[in-house]
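Required output: the full structure, derived from the provided sequences and hints.
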Amino acid sequence: MWPGLERERSTDGCRTRISRLRDAFSQSIARLQQASGAAVSTLLKIMVDQSAPASTRVRAADSVLDHAAKAIEIEDIEARVSELERAAEANRDPGLR
Numbered sequence: 000m001w002p003g004l005e006r007e008r009s010t011d012g013c014r015t016r017i018s019r020l021r022d023a024f025s026q027s028i029a030r031l032q033q034a035s036g037a038a039v040s041t042l043l044k045i046m047v048d049q050s051a052p053a054s055t056r057v058r059a060a061d062s063v064l065d066h067a068a069k070a071i072e073i074e075d076i077e078a079r080v081s082e083l084e085r086a087a088e089a090n091r092d093p094g095l096r
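What the sequence shown shows, in numbering that gives the first Met the number 0, is residues 0 to 96, in sequence order.
The hints are simulated quantities; they were obtained by calculation from the structure and are not laboratory data. Heads up, some of the hints might be wrong.
[As the list claims (entries may be wrong)] Each pair of labels, with its calculated beta carbon distance range: (1) Ala-51 to Ala-78: 32 to 42 Å; (2) Ala-87 to Val-57: 40 to 50 Å; (3) Ala-51 to Asn-90: 53 to 63 Å; (4) Ser-62 to Gly-12: 34 to 44 Å; (5) Arg-16 to Arg-85: 34 to 44 Å; (6) Lys-44 to Ala-87: 37 to 47 Å.
Given the structure is predicted, the values throughout are model-derived calculations rather than measurements. Cβ atoms here follow ideal geometry from the backbone N, Cα and C, with glycine treated the same way.
Here is the structure:
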């Protein structure tokens, strides 16, 4: 047996397992994204339902505000990263292109 071959095989096997786990996780994320519309509708219905306990309505409202704030933060980060990528591309040494 060649030195390091066993480690290389186990690394390939590990990469394959990680790839499969990522695929499964990706599918789970896609399902969550598909269900997010219904989740938002549920929160909004509870938030305005006068027959629901006040604490439940407040919790729903807090959740809506929290998720809205996180969405704004993510959009801001995405915009900043895009701008940094554009600046990095513009400053890239022309000799390396």
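| request: Look at the Cβ atoms of Lys-44 and Ala-87 and judge whether their distance stays inside 37 to 47 Å. | output: holds (45 Å)
| field | Whether the CB-CB distance between Ala-51 and Ala-78 falls inside 32 to 42 Å | value | Between Ala-51 and Ala-78, where Cβ atoms are some 37 Å apart, the hint holds.
| query | Measuring from beta carbon to beta carbon, are Ala-51 and Asn-90 in 53 to 63 Å? | reply | Once the Cβ atoms are compared, 55 Å apart, the range 53 to 63 Å for Asn-90 and Ala-51 holds.
| Do Ser-62 and Gly-12 keep their Cβ atoms within the hinted range of 34 to 44 Å? | holds (42 Å)
| said: For the hint 40 to 50 Å, verify it against the beta carbon of Ala-87 and that of Val-57. | reply: Holds, at about 45 Å.
| Falls inside 34 to 44 Å, the C-beta gap from Arg-16 to Arg-85? | Taking Cβ atoms as reference, Arg-16 and Arg-85 lie about 37 Å apart, which means the hint holds.
Comparing the model with each earlier hint shows no violations; every hint is respected.
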